[in-house]
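Q: Assemble chain B onto chain A, guided by the hints.
From first to last, the protein sequence lines stand for chains A and B.
Number 95 in the working numbering belongs to position 95 of the first sequence; there are no gaps in the numbering.
Number 53 in the working numbering belongs to position 53 of the second sequence; there are no gaps in the numbering.
Calculated directly from the structure, the hints in this document are not laboratory data.
Which residues of chain B face chain A? A few of them, derived with a C-beta cut under 10 Å, are:
1. R4
2. T81
3. N90
4. A277
All C-beta atoms in this analysis are idealised placements derived from N, C-alpha and C, irrespective of residue type, glycine included.
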Amino acid sequence: MTNLATYFDQLLFVALPYVAFFVFFLVSITRYHWRGFTYSSLSSQFLENRQHFWGLVPFHYGIIVVLTGHVVAWLIPRQVLWWNDRPLRLYILEISALACGLLTLIGLVSLMLRRLTVSKIRVVTSKLDWVVLLLLLAQVVSGVGTAVLYPWGSSWYAAMAAPYLWSILKLNPDLTYIAAMPPLVKFHIVGAFALILVFPFSRLVHILVIPNPYLWRKPQVARWYRAPGEAAGEPV
Amino acid sequence: MNVRSQISMVFHLDKCIGCHTCSIACKNIWTDRNGTEYMWWNNVETKPGTGYPTAWEDQNKYNGGWAADGSRLRLKSTSKTQTVFNIFHNPSMPTMDDYYEPWTYDYQHLFNAPEGPDQPTARPISMVTGEPINVESGPNWDDDLSGSPIYAANDPNLAGLSEEEKAQLSAIERLVFFYFPRICNHCLNPACVASCPSGALYKRGEDGIVLLDQTRCRAWRACISACPYKKVFFNWSTGKSEKCILCFPRVETGQAPACFHSCVGRIRYLGVLLYDAGGIERMARLPEEELVEAQRSLVLDPTDPQVIAAARKSGIHDAVIESAQRSPVYKFVKEWKLALPPHVEFRTFPMLFYVPPLAPVMANRGATGVENVSQDLFHDIDTARVPMRFLANLFGAGHEGKVRYTLRKQKAVRWYRRALTVGDVGVDLAERMLREADSNVEEAEAIYRLTSLCTVDDRYVIPPMYREEAIEMMRDPLEHKQGVGFGLLRGPRRGM
Numbered sequence: 001m002t003n004l005a006t007y008f009d010q011l012l013f014v015a016l017p018y019v020a021f022f023v024f025f026l027v028s029i030t031r032y033h034w035r036g037f038t039y040s041s042l043s044s045q046f047l048e049n050r051q052h053f054w055g056l057v058p059f060h061y062g063i064i065v066v067l068t069g070h071v072v073a074w075l076i077p078r079q080v081l082w083w084n085d086r087p088l089r090l091y092i093l094e095i096s097a098l099a100c101g102l103l104t105l106i107g108l109v110s111l112m113l114r115r116l117t118v119s120k121i122r123v124v125t126s127k128l129d130w131v132v133l134l135l136l137l138a139q140v141v142s143g144v145g146t147a148v149l150y151p152w153g154s155s156w157y158a159a160m161a162a163p164y165l166w167s168i169l170k171l172n173p174d175l176t177y178i179a180a181m182p183p184l185v186k187f188h189i190v191g192a193f194a195l196i197l198v199f200p201f202s203r204l205v206h207i208l209v210i211p212n213p214y215l216w217r218k219p220q221v222a223r224w225y226r227a228p229g230e231a232a233g234e235p236v
Numbered sequence: 001m002n003v004r005s006q007i008s009m010v011f012h013l014d015k016c017i018g019c020h021t022c023s024i025a026c027k028n029i030w031t032d033r034n035g036t037e038y039m040w041w042n043n044v045e046t047k048p049g050t051g052y053p054t055a056w057e058d059q060n061k062y063n064g065g066w067a068a069d070g071s072r073l074r075l076k077s078t079s080k081t082q083t084v085f086n087i088f089h090n091p092s093m094p095t096m097d098d099y100y101e102p103w104t105y106d107y108q109h110l111f112n113a114p115e116g117p118d119q120p121t122a123r124p125i126s127m128v129t130g131e132p133i134n135v136e137s138g139p140n141w142d143d144d145l146s147g148s149p150i151y152a153a154n155d156p157n158l159a160g161l162s163e164e165e166k167a168q169l170s171a172i173e174r175l176v177f178f179y180f181p182r183i184c185n186h187c188l189n190p191a192c193v194a195s196c197p198s199g200a201l202y203k204r205g206e207d208g209i210v211l212l213d214q215t216r217c218r219a220w221r222a223c224i225s226a227c228p229y230k231k232v233f234f235n236w237s238t239g240k241s242e243k244c245i246l247c248f249p250r251v252e253t254g255q256a257p258a259c260f261h262s263c264v265g266r267i268r269y270l271g272v273l274l275y276d277a278g279g280i281e282r283m284a285r286l287p288e289e290e291l292v293e294a295q296r297s298l299v300l301d302p303t304d305p306q307v308i309a310a311a312r313k314s315g316i317h318d319a320v321i322e323s324a325q326r327s328p329v330y331k332f333v334k335e336w337k338l339a340l341p342p343h344v345e346f347r348t349f350p351m352l353f354y355v356p357p358l359a360p361v362m363a364n365r366g367a368t369g370v371e372n373v374s375q376d377l378f379h380d381i382d383t384a385r386v387p388m389r390f391l392a393n394l395f396g397a398g399h400e401g402k403v404r405y406t407l408r409k410q411k412a413v414r415w416y417r418r419a420l421t422v423g424d425v426g427v428d429l430a431e432r433m434l435r436e437a438d439s440n441v442e443e444a445e446a447i448y449r450l451t452s453l454c455t456v457d458d459r460y461v462i463p464p465m466y467r468e469e470a471i472e473m474m475r476d477p478l479e480h481k482q483g484v485g486f487g488l489l490r491g492p493r494r495g496m
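Bound-form chain A, shown alone (with noise of 0.2 Å):
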């Protein structure tokens, strides 16, 4: 192996995780703090309401299966591995999960028409919604070229992608496995971090605040400037 190209793993796999995560907690932190009223899901559909509905439900179900089963293999390798035992339990979860890949695709791509094509929703449409919608298009490409080209991911992801991120997590990277992927799966690699670089500046926040305390908050919101109860013009 040449120097210049372990010159890049390193860029690419070692500084570059760690630029993006740096960045990706300072920023969205901060910009939680005092930009408050930024984070937003920046809806559109109040604009176009019939290829919202068959680009964002697609994209929306597909990615969120296809990143839960990244989590998941990350988290419990060896007990994906041991369902992969079984050469039936393997297909059903790659199949499901090229399924996922492709509705994922068809959504973005049909939800990437509706930006280019409704002159409404143009108008609310940033350069840097485009500069996201392309990484995820490169991402769901190269990650549904990867399933279709290198078949039981399932598999070799938990084997050999969980460690290296496992590495870089506990601050000691490890390139064993990395080094000898496939230029698409490196690719796919390189374009996950990126994305992780854009989110904090992006409409991507909007996965930051999903609002899970509505499943258990009572249904009806009071706010006072003094405790109920409270008598009146007594300090707090």
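A: For chain B alone, kept in the frame of chain A given last:
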């Protein structure tokens, strides 16, 4: 008893002349910004008509408000489980087409057009895209019944009317309409608040004004479909919902909201109601025909010593209690039972009440002026131009009793005053009418005074907010001396 105070409103529809001054006052102050051009926090509709957004009362289309399933109250448009699945695409969300696409005119063309054989014109251009558009609808497109075969004919309140009644509504020389001004109702059981996944919408504890926290809103859009009155709007530019704030900066400084202040017909009344917050859920589950009375029963008598004691215990300031005792809204809603909530069957308990219009009812008279041939003094209320059924659909959840009661009382008061001032009606007959309408001379005088001779101070009894005290408790003003103040310090812009 969990006593709370609520700034409440009464609109006297008999006095509304449909001039839209309220709408313009509101628009100039609050919604002349990018992304809000299409919003009319205050709008005036012609009834019968489909209103704004088109057919907003049709909950089969919009799924707004609450439904009572036996012992349970649930939102029609969403639930905790549904929120998880519908958060990407809200299935009952109205779009801009249901309101209208705001437009302006290309005035520059009048100056910049190249010389040619024709006069240049200012074409309408969309305020969203800036491109030329064909204007096909507007916020009061069916004003004064214009295009009624297309618009008014689709009014959801016409449900249950016979074909004959419907035909009469638009018959020559029987044609009738009235105006229906609408703002946010600042409900006791607001569907928008209950639907917001982010908890951005809230009811102010001190005065019950329903507000939307712009920094907490994440554009999940649940409020827009949940509000059955369609009074939460989506700002397509900032990606946040917005709604009527009852001009709280004005109310806190003792001024009436802009739409109230500018009302030409002086139809609007504002005052405090004390209510029992503990009973809301139980009352909201009752059968439709009991809802008007149920809401009324939540309103407490501010002169009752028990209520006063409980109110003090809940931290309600004596000045607010005193304000509640002088509240014109309390008189219209509870004492005289003249004002009714709009579409109480949506089960949100709106705190904006309407005095149903009598004028069109009385206009159906013979050539000889006022007639009292019938022994049944209130006969003409049921043979009125506006079918009782129509008013009942609007103000009585489809039940005529409460609407008939207020129309009878209004008519009795009118005849009583006629007996005193014109004299072509006997005073004894007028007093008999008052008795039959569950009223008396004293009450009739009071109704007459508050309806016809009311001053600004009679109409708007605004409670002191003591906001300065409340703010001081949270933030020391001296901390911000020579600083930039607090609140949103940066213009509300889309994205980072």
